[in-house]
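If you read the sequences in order, they're chains A and B.
Each residue of the first sequence is one higher than the one before, starting from 159 at the first, in our numbering.
Each residue of the second sequence is one higher than the one before, starting from 41 at the first, in our numbering.
Calculated from the structure, these hints are not laboratory results.
Possibly wrong hints are sitting among the right ones.
Below 25 Å or equal to it, Euclidean Cα-Cα: the simulated DSS-like pairs (lysine-lysine) are [as the list claims (entries may be wrong)]: (1) A/Lys925 with A/Lys1090; (2) A/Lys180 with B/Lys364; (3) B/Lys134 with A/Lys180; (4) B/Lys364 with B/Lys375; (5) B/Lys118 with A/Lys180; (6) B/Lys183 with A/Lys180; (7) A/Lys363 with A/Lys329; (8) B/Lys375 with A/Lys180; (9) B/Lys408 with B/Lys138; (10) A/Lys1090 with A/Lys1143; (11) A/Lys1143 with A/Lys1094; (12) A/Lys1094 with A/Lys922; (13) B/Lys192 with B/Lys118; (14) A/Lys1065 with A/Lys1176; (15) A/Lys703 with A/Lys832.
Read off the chains here:
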Amino acid sequence: MTYKHLFAISFALVLSACGGDKVQTMIQRTQPASVVYSYPADGQQEASPSAKIVLRFSAPVDLAQQDLTSKIRLSDTGGNRVSFTVTGVDNNRSIVLSPTQALATATDYNLVFEQPLLTTDQRSIPTPNATGADGIQFSTRAAKTHIEALDSLATTFKVESTIPSPSGMFKPMDFSTFRLRTTQPVHPDSAIYGQTVSLRDSSGKLVPATLLVSNRYLTVDPCLAADKKDCGQPGDTLVAGQTYTLTVDGLTNYNGATIEPFEETFTPQDTGPTEVLYQRVTDSGLTVDPATAKRSILDGQYINGVVLNSVLQGTTAPSQQTGDLYAELAYAPSFPGDTPVPLRIPRNTVLSSSSLDVAINGRVPILNEATGKVQKTGTIKVTMVSDATGYLYPNPYSDADDAPRHVKLFMDVAMNTAEAQPNASLSQDLLRVELTGIAFVRDGILTIDAIGIVEPDLLGQEVTDSTIAFHIEADASNQATAPGFPADDTGPSLVSWMPGDDSARQASQRPGDPLIINLDEPLDRDTLGAITLVNSTGDVSFDMKLDGTSLAINPRGGFRHGDTYTLTVPSTVTDLAGNGYTGQHTFSVTLPRLADQSSASPLAVTTYPGFPCVTVGRDLNSGLHGRCAGLADNSSDEAMPLHSMPADRAITVVFSQSMDLNSIALGKTVKVEKVISLNGDTTGNSATTETVSGRLQKNNQRLRFFPDQPWQPDTLYRYTLVSAETTTPDCTLVICSAAGQALETNALAGLSQRGGPDMVIYFKGAKTTRTVFNPLRNLPVQDVNADQVVNCPQTSGGLAYDNGAAGCVEPFNHPADGNGGFTAPQSTRIVSLDTASARVGCNRADAQQACPQLQYIFQTGGLNTEIIGPVDPNDPSAGVEVRLYPTLLTTSSVDVFANAPLFGFQKTPTGPQVIRMRYEDDGSGSRDSFIKGVIKSNAQGAPVFKASVDVYLDAPDLNPSLLGANLTHNQHSVPLTLDLNGRVKFLDDGRTVIEQQNQTPQTIRVNVGNGTVVFDLKIPVNGAFLQFLSNPIKDLIAPPA
Amino acid sequence: MNRSSHWSSHRSSHFARQALFSLIFAGAAGASMQAHAGMGNLGSNYGIFPMDVASAQSLSMFNDQVSTTYYNPAFLAKDPRGELTAGAMHAEQKLQAKGADRNGDILSKTPSQHLVIGLKTDLSDLTRSGHPIYLGFIAGVDKFSRDLLAFKSETSESGQFLTYGRQPLFLIIGGGTKLWRGIDAGFATRTTLHSQAELTTRTDLAGNTQYEKLNVNAQPSIRSIASVNVDIGATLCPDNDCWATGLETAISFRTSSTSKTTVNANTVIPGLIPSSDPLNFTVSTLDSYQPSAYGLGIHYTMRHWRFGASVEQQNWSDLSAAFKGDTIKDQAQAKFDDILIPRLGAAHRISEHFTLVAGLAYQKSPLKSTRTQDVNYFDNDKYIAGLGVSAEFKRTYLFAHPVRFDLGYQYQMLKSRDFTISNTRPGNTNNGAVVEASGDVQVIAGSMTLKF
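Isolated chain B, as found in the complex:
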């Protein structure tokens, strides 16, 4: 696990991610061993690529990079160029819970460390008609590609944050196409895994098993994202400039997605549990839930400036119903509200090569309950600010095609909020303790994009 940091210079972009990986991992060597997964995913918690991170996702719907496959797949049709992007992200999460029942403030320091790769290409030549269709593909793996599944669902006596922690495999594939002048539509899918494990055994009271049988399978769950992007200027006045030139809007809809695992165990204990009717217990639980979301964005491009604003409604209230069927979370009786996330951002092209990006967002906490039995969820309102820089070089020594480097930084401040611990486990001593949850998250992301 411990690798010394090393600099591998001048390798191909395919290996660039290795470099970034090992670099950032060096900093992460001191991170906490305690890992936990949570709700949300890479795309919605931070941003997929550095520009999403830097703009606090305010400009993500109108990003000409492949990450738009997730936020607004219709925008894929905007830029016909293909590109290959590799990126790495390290989110340092300092989640705090202050209470009389504990020494120290930091509840968890588990980072989220993604390695992301994306590909965007023009498939217009696929059909005889040559109708423009553009494909986007994104894959992101946590723990710098060493944790594909990152599934954890548990009750907690000390409390756990609703989002943050490690994220499972992020897999998006989608495409966009031009419908009519200025109006594009896009469709993408997100794949998550629903796993099932079945164990049948016979055991004695000392744990010695016999006649065991184990079955594990994972089914993909394919969820959809659909969007429509309207370049109002191109629609209304395609040939000349008018008031609407540079103005575009987009509307997107994502269905909810979640990872799910079910473990089913049957055991026979001779003398206690008969083989005709073995003892059966089933644990079925979900993690990394991403609610269905409606997004509405508006984007205005000027010569050197771009401004974007979006509002996203995330329907977290569906999670209350989903928890009812969850073996681990059902006792929490957690209540969630739908939330509206406003985002605002701007990008300024300072020179031929460099662009500065900044963004702000405010995300209210969807968790309405301040007391969730045995699960003890914490969640806070977040103030998000991002800053980043992008450098694009049309000609480099190495590559025949333009290369772009992005660096983004995001700071999320968790507004402090009080929760009451609720524990029914016998012998528990902190039931009823009031805990102040707060914290902050710092995200740094970098990527390299090859355009072709």
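With the rest of the complex left out, here is chain A:
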């Protein structure tokens, strides 16, 4: 036995000794790294042109050892390379490419790596690709300029795509919201759910849904719940497995063209059983300590921080957004493999952002007029007005197990703020906000990091942009203790309205201006039918537009002077959850009374581009537009320059009176032409031209022309406003006021001469600019009917206006200024320096004390301005530069009693006078620049506007006579300098009021009859008081009567 065992031992030992070799090891080849995320994503449409490109990798890149600006190529379809700078984020795991110039609109871009990038551990990163050709392809949205060619993606008007779509990557689900994109902007009046846009089930029945329209985006959000509060909540679904049809037929664009009919049939997939995931939009901590606040791993910004970039408000400080999201997730096992798992966030979800200071261009803080403190926005609310639809799907760039999943979310939101003024400026609907992000589980928390860009329209004047780096967390362990979806039990209430109850604001309302109500919550569109408008004649039909939380109303034909309109908003008008409106229910608007206008011609108070007068002495080859034509020889007046018109702006003409809109016809009384050749005649009179196609938008006191194609840089154009020198014009052939009077085009020839020749204005096309066009009107005015006469009889003593008299339509109701005068907007006081030689207003030596009311002339006018930007980018206290476009104002007449030798004081009414603003010499040696003004803070911290404006004063209707003989006078092109200064105030309805008063007195030397009578008149300090009012924040023009 022993031998056997020994034999066994030794054999085993021998065997095991043979097995002394080690087991093999696999050679680990270095696996290439890859891109795991990009913004914009590969295949993304409608990206913002202000987007910065973000790339995230599976391992940090080595920024020191390689030049990414040469390795990464970003180019458009024409092959033009976009230059950018590179910044590393999250230890260079992500990089942000900031283009040196904004991307072009409606352009396709491609991003590739010309050489593979290198990580810090020397692995290579090849060109990423998710779909289509190698590289990241994305396209930018079209512009938002109202110019068809710039705002369109194609020349045919059709539905470009839908999300979800049965043929796309994101398929229709039973809880989907349907978002469509069209190639051209849709006229909102043509989008009527059930008629031009419908979603029907298999039996043809219309599915109850909300239709939202903005620009080229439409959203159809079905809601089958019985109670509005349950819309978007679990259970509100289409019937899975049934066939539905989405039809678009009959939508029109702004030119009236009809869309190609579109129909899509689909069968929504069952998402159930769904589970609601409670997620939190977390606080970065920046309001407590910005230095330690959390930043996004994608682009390095504060997480959930909102920064708005604009010229009007500058780059704001970051506002912290927080909120709770209740994401209803579809049953994931029903969407295996690469299939995207859908999710839905219900409508009426609210995200709140912390308050921001409001400042002009970010530099000059604005004050809340009621409290005198710096205006803050208050809490900024973003409310989802439709169900947001999203998808979770595997990383499209990398198959690696640790590549994070991707999230895409589409939403439509309404923005508003707690404070009135910023609420009015920012309140709007923003459709098709697209979030692209990554999702992964970190420390047991499902974390979503996403980037989205919103581009709100600020004050209706500027498209701003804001990139938000979202960071959303969901903890699966505390879902049971999570708070429920917050019940919305409060109805909407009023924040502010236009014109408001203030009498000056009511007096500033004009036909064509809408009535605007600004609320604190978005409204349910289906309940707006309960709103009524009545005036003295009964019910008035009107157009209505809901944008964000602002509701604009304009009656047919516009508000009429002298009549009181009452708008009633009952409590059957509700918010999205069905809670009734609980604010002020009736709103009264009374426009000031209008005296007869049939004896005065309407005036173009501003023409953009150009100066509103008939010109002579043009030399277009030298860029000179000549001087205004007048009676006297004013050839010593300097020539005005030829204006440049940015490519994407509309020709805008504002009138002093309401016009006969039928008399304004494109091609007949308004002509817009491109100059092909001057044919050797530099005045343009012999030019060969070509009609520019476009559309005319007419409002009671304004017309705008939007060309179909953008203005070409360095190309000469002209537009003509047709008129005639007659008191009885044919209003089918000339532009007429509503009272039938032809347009006054040569005020310098005397306003008693009605009408005038055709006004032709030339301009040159130029590139688009980031500065902001800000049109203003002189409101309120004394001379409501703009006939250059104060339609109010004087008292029997002849020392004041008799407000109580029967014929007093334009009463003199201005407060005393404490210095013996009055604070009357749009007025200038003229006094005599030597009452022995001249008296103003009344024939008394103590005229200044006796008849101050009669010493005022009242202006009719408007002013276009351009907000340029900071005066000194490094010095905020230097303020914001604003340029004024010179224009022409007319004034009412004032009686001057001049002491003629031997004849005593002769009463001579000046007649309506004309004040022409002169262009500025900006150092070039000639007056060819717009007038420079500055907005800055005064010693009390309030914003003020300063500008030094040179003007010419003319009194073309001044006819001094002696013994029946007309005397000559020197009141032609009298140069004056108005050194203007005054407060910039912000109304709670979003509009701006700029008050200007002259800081230095001006002396006017009057010489009648070649020295026969000579005297000086004076405009004292603060004698000229102008008040400029900006346009209503919502552009809802009055529908035709």
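Fit chain B to the supplied structure of chain A, relying on the hints for placement.
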């Protein structure tokens, strides 16, 4: 786990296996930690007892030891004596895979180390008629009795051999009976386990579970072995010698057997997966598959010599269909062929006590596919040679009954064969690599048998 080797001498046969166990384990202490199970079982891969090992299973159908319960249960009826056998086996597997994607050649060195016990007894007195019935029972456990289940089924990026590795519990019970002169029939069963585990839980994304429920059960799967043994000499000329004296044939049939495990998990993740419809995933897989086999053997006994030859058909092609229902192996789309294994062996009685045994066999590889996605099976044609010695002592100091000691050695040479690695896992770098699989296996087995 590490025990120092020690010699426990002169203990009863019941403890003999302990001695052998610890002895051979000492040699195995340096073995690789990487364990893997595979197809086949103790009986078919090597041989149950040393004589099976030594003869390369060529004489197994005609082995008078209890191991015949597995190979040819009818042969139990040949020898009426009862016996108790305890044995141990150590198979040193050096499996090699040479490729550009790896450093070193040895893919796996996992040994198979069985402790086997068998009992054969005469149950003829069970019935009143006294009809001869003989019972055989065999139990074998891998890792020297420390791994009863030895179940592993996985995909592999580097590749894995189809057979070899550790084997699960080997449990055979059967019996044989005389039918008519010289013709015996036998029937045996093999038991394997089909296990099922069910887990239900609720978890958050950090892995914290709540409200858990776990159920595990294992059902036996009883597979049959049937054989008929014909002693042609005893049948044709029972009383005198004729040409057929000493010649016998046997035919056997074994049904396939396999171990199977199914794991079923359900989880609820609050906020992501609802409790009304939890996330469910099931992994159901098989291991240690032994195909159905037909065996035909012929045996000729002379005075001092015994010669045996057998041919066995193993129906491996059924495994392709079995893999279709296997969660882990279905992607491999592996194709198998039925194979025919010829075996040849001889035993020579050199003295009263000692007998030498030798055998040769050739086993073709049943794996037809050289590329099996993600599973990456290797399998080779095998040349098998065995050598052994058996010592029987009728009288010993200790035991009242005869004792027999067996020692067997077997060498299996794996003929080198090229395979292509197929990996779909993202980030994998050796997909498409060509690997040359080869290797050899050395088996040593020893046993002690008490006859009574």
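Going through the hints against the structure:
Proposed proximity of A/Lys925 and A/Lys1090 is supported: the alpha carbons are some 21 Å apart, at most 25 Å. Of the supplied pair hints, the one linking A/Lys180 and B/Lys364 is violated, its CA atoms being roughly 35 Å apart against a limit of 25 Å. Only pairs whose Cα atoms come within 25 Å are accepted, and B/Lys134 paired with A/Lys180 is accepted, the gap being roughly 10 Å. Distance hint between B/Lys364 and B/Lys375 is fulfilled; the C-alpha atoms sit about 11 Å from each other, no more than 25 Å.
Our distance criterion of 25 Å between C-alpha atoms is broken by B/Lys118 and A/Lys180, whose separation comes to about 48 Å. Distance restraint check for B/Lys183 and A/Lys180: the Cα-Cα separation of roughly 21 Å lies within the 25 Å cut-off, and the hinted pair is therefore satisfied. About 22 Å separates the Cα atoms of A/Lys363 and A/Lys329, which keeps this hinted pair within 25 Å; it holds. Straight-line distance between C-alpha atoms of B/Lys375 and A/Lys180 comes to about 32 Å, which puts the hinted pair past the 25 Å bound.
A C-alpha spacing of about 20 Å is found between B/Lys408 and B/Lys138, which places the hinted pair at or below 25 Å, so the restraint holds. Distance check on the hinted pair: A/Lys1090 and A/Lys1143 sit about 20 Å apart at the alpha-carbon level, within 25 Å; holds. Between A/Lys1143 and A/Lys1094 the alpha-carbon distance is near 12 Å, which keeps this suggested pair within the 25 Å criterion. This hinted pair does not check out: A/Lys1094 and A/Lys922 have alpha carbons roughly 32 Å apart, beyond 25 Å.
Restraint check for B/Lys192 and B/Lys118: the C-alpha separation of about 39 Å exceeds 25 Å, so the hint is violated. Distance hint between A/Lys1065 and A/Lys1176 is fulfilled; the C-alpha atoms sit about 18 Å from each other, no more than 25 Å. About 35 Å separates the Cα atoms of A/Lys703 and A/Lys832, which puts this hinted pair outside 25 Å; it is violated.
Consistency note: the structure conflicts with the earlier hints numbered 2, 5, 8, 12, 13 and 15.
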